[in-house]
Structure formats: structure tokens, C-alpha cells
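Here the protein sequences line up with chains A and B, keeping their order.
The first sequence: position 46 = 46 (this note's numbering), numbered continuously.
The second sequence: position 120 = 120 (this note's numbering), numbered continuously.
Just so you know, these hints were derived from the structure itself, not from any lab.
Hints should not be assumed to be uniformly reliable.
To be verified - Between beta-carbon pairs, the in silico distance windows are:
hint : chain 1 : residue 1 : chain 2 : residue 2 : range
1    : A       : T74       : B       : E25       : 31 to 39 Å
2    : A       : Q17       : B       : E92       : 27 to 35 Å
3    : B       : E25       : A       : Y127      : 35 to 43 Å
4    : B       : N119      : A       : T74       : 39 to 47 Å
5    : B       : T69       : A       : W51       : 42 to 50 Å
6    : A       : E100      : B       : E100      : 28 to 36 Å
As the list claims (entries may be wrong) - If you only want the chain B side, here are some residues facing chain A, beta carbon under 10 Å, derived:
hint : residue
7    : K10
8    : Q38
9    : E48
10   : I50
11   : H56
12   : L72
13   : D78
14   : A80
15   : D83
16   : I87
17   : F106
None of these values were measured; they are calculated from a predicted model.
Yeah, the Cβ is synthetic: ideal placement off N, Cα and C, and Gly gets one too.
There are 2 protein chains.
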Amino acid sequence: MVSNDKIMNKPEKINLQEKFNLISEYRAPKIVGELNGQHVKLVKLKGEFIWHHHQHEDELFLVVKGRFTMCLHTGDIDLAEGDLIIIPRGVEHKPVAEEEVEILLFEPATTVNTGNVINEFTREATY
Amino acid sequence: MVSNDKIMNKPEKINLQEKFNLISEYRAPKIVGELNGQHVKLVKLKGEFIWHHHQHEDELFLVVKGRFTMCLHTGDIDLAEGDLIIIPRGVEHKPVAEEEVEILLFEPATTVNTGNVINEFTREATY
Numbered sequence: 001m002v003s004n005d006k007i008m009n010k011p012e013k014i015n016l017q018e019k020f021n022l023i024s025e026y027r028a029p030k031i032v033g034e035l036n037g038q039h040v041k042l043v044k045l046k047g048e049f050i051w052h053h054h055q056h057e058d059e060l061f062l063v064v065k066g067r068f069t070m071c072l073h074t075g076d077i078d079l080a081e082g083d084l085i086i087i088p089r090g091v092e093h094k095p096v097a098e099e100e101v102e103i104l105l106f107e108p109a110t111t112v113n114t115g116n117v118i119n120e121f122t123r124e125a126t127y
Numbered sequence: 001m002v003s004n005d006k007i008m009n010k011p012e013k014i015n016l017q018e019k020f021n022l023i024s025e026y027r028a029p030k031i032v033g034e035l036n037g038q039h040v041k042l043v044k045l046k047g048e049f050i051w052h053h054h055q056h057e058d059e060l061f062l063v064v065k066g067r068f069t070m071c072l073h074t075g076d077i078d079l080a081e082g083d084l085i086i087i088p089r090g091v092e093h094k095p096v097a098e099e100e101v102e103i104l105l106f107e108p109a110t111t112v113n114t115g116n117v118i119n120e121f122t123r124e125a126t127y
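One chain only, chain A, in its complex shape (with noise of 0.2 Å):
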């Protein structure tokens, strides 16, 4: 899975701030890392995602800077700096920030963001 030959032979660091910094819109993800069929992404949220599920892929959220709140039919999580979640497939969840939040994207490299939903929220992952 992995494209390119200098990722494949010269590790490189990364920097989550300094990549979160070059991110100026919400609900977008960036790709920043490829491993095992996986992608790393960062994504910005501010405000109300929308209810959906990917049915075959379990997505993990790790919250970088801020808070937001993981709505569940469970009920809900609130996840702070340094929490993270893992959203099996096939449970539906709505993610909520008050305030904009920073969070770290552990899924397939197959995953839609808005999973079995299509809408103007729907966005293809870009490097």
C-alpha cells in the first residue's frame, strides 16, 4: 500500500501541530500517513457532523487539541485532548464540537468520512 519509494525507504517525521496548521477547513481530512492498508488522518471539526456508519470498517478518534462529544445511541462520550475512541463498524455516531477540535483518523484506507451516507458533508480524503 505504500506508493512512494522515498516513504518506503527514508522514514520521515511528522509533526501533528504543524500539520494541523496547514489544515484552514472543517470536516476535510488530510492524509498523512499510509501503513497496512491504514490511513493516518487529521482532520479539523467545528459544529455538528451528521448520524452515519461505515459498515465495513472500524474508525478510531484520537482528539489532538480541544474536545468534542461522540454521539452515540448508547449515549453520549465527551473526548478531550488525549482520549481516544474506537467506533466499531456498523454503530452509528455522530460526532458534535462545540468548539473547533483537533483529531487524529486511524481507519481503511477505503473509509468515507460520512460512511453510509451521502451528502454535501461527504469528502474524499486528500493528501
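Got chain A sorted already, so can you dock chain B onto it with the hints?
Okay, now just chain B, sitting in the frame of chain A:
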């Protein structure tokens, strides 16, 4: 790959610092999450690890607290809090930490900590 109905149906928050506080042994990875056949592990390192590589697994290191040096044949890379590095399969590496460092690892569930080398540093990751 999810082995637990509770995890499957009711995602729970994982606070990294709380989990690290439970770790008293160096070089003994603890599994704190599982998704898509991959493990999220936490490990504390201090001192010099060994040169090794993983034949079939790419490995992600994210510094949660402290700093360490990833020795590579292409040059050493210093990593501090908020830095990550992906070591592709086959690439020899040796982590060295002068002081205690807390690292999140992301790698396939099959990964052995010392890769191709089996010695006194080899440890099975535990929950």
C-alpha cells in the same frame, strides 16, 4: 477482529494518560484497542532497544510524552511529543530513549516487538 460484545456495541473512551499510568515496566507493550486487525498499543521505553525490522508489518510510533531517537540506517530522527513516524516493513530501526518516553504504537495484531530478532527484549503484548 473484535472479540468482545461490549466493545462491539458500546464504544468507550480510552484516556491515554490513565493507561500509561498503569504501565510500570519498560518495553512491555499493552494493547488498549483493536480495529481492522490492527492493535493500538502503549509502551514506555527507556534506554536503548535493539536493531530489528518487521518483515510483514509497517509500524507507527506516536510520541505521547517525552522524546526519543529513532535510529535508522538512513540517519537518526529525533521525535518529541506530537511527532509520529511510520517505519515501513523491512526497514531496520532501533529506538533509543535517554529518558522515559511514552509511545503509542499502531501495527497489525501479528506484530512482535523485536521483529526478526528473538532475544531477552522479546515480549508478547498483553492487555
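To see whether the hints hold, each was checked on the structure:
1. T74/A / E25/B: 31 to 39 Å: Once the Cβ atoms are compared, 34 Å apart, the range 31 to 39 Å for E25/B and T74/A holds.
2. Q17/A / E92/B: 27 to 35 Å: holds (29 Å)
3. E25/B / Y127/A: 35 to 43 Å: holds (38 Å)
4. N119/B / T74/A: 39 to 47 Å: Given a distance of about 44 Å, which is inside 39 to 47 Å, the answer is holds.
5. T69/B / W51/A: 42 to 50 Å: Roughly 44 Å apart at Cβ, these two residues keep to the hinted range, so it holds.
6. E100/A / E100/B: 28 to 36 Å: For E100/A and E100/B the Cβ distance comes to about 32 Å; the hint holds.
7. K10: holds (5 Å)
8. Q38: holds (6 Å)
9. E48: Hint violated; E48/B Cβ to chain A Cβ min 19 Å, cut 10 Å.
10. I50: violated (17 Å)
11. H56: Holds, because the Cβ-Cβ distance from H56/B to chain A comes to roughly 9 Å (cut-off 10 Å).
12. L72: holds (6 Å)
13. D78: holds (8 Å)
14. A80: holds (8 Å)
15. D83: Nearest chain A Cβ about 5 Å off; hint holds.
16. I87: Holds - the Cβ of I87/B comes within 10 Å of chain A, reaching about 5 Å at its closest.
17. F106: holds (6 Å)
Checked against the numbered hints given earlier, the structure breaks hints 9, 10 and satisfies all the rest.
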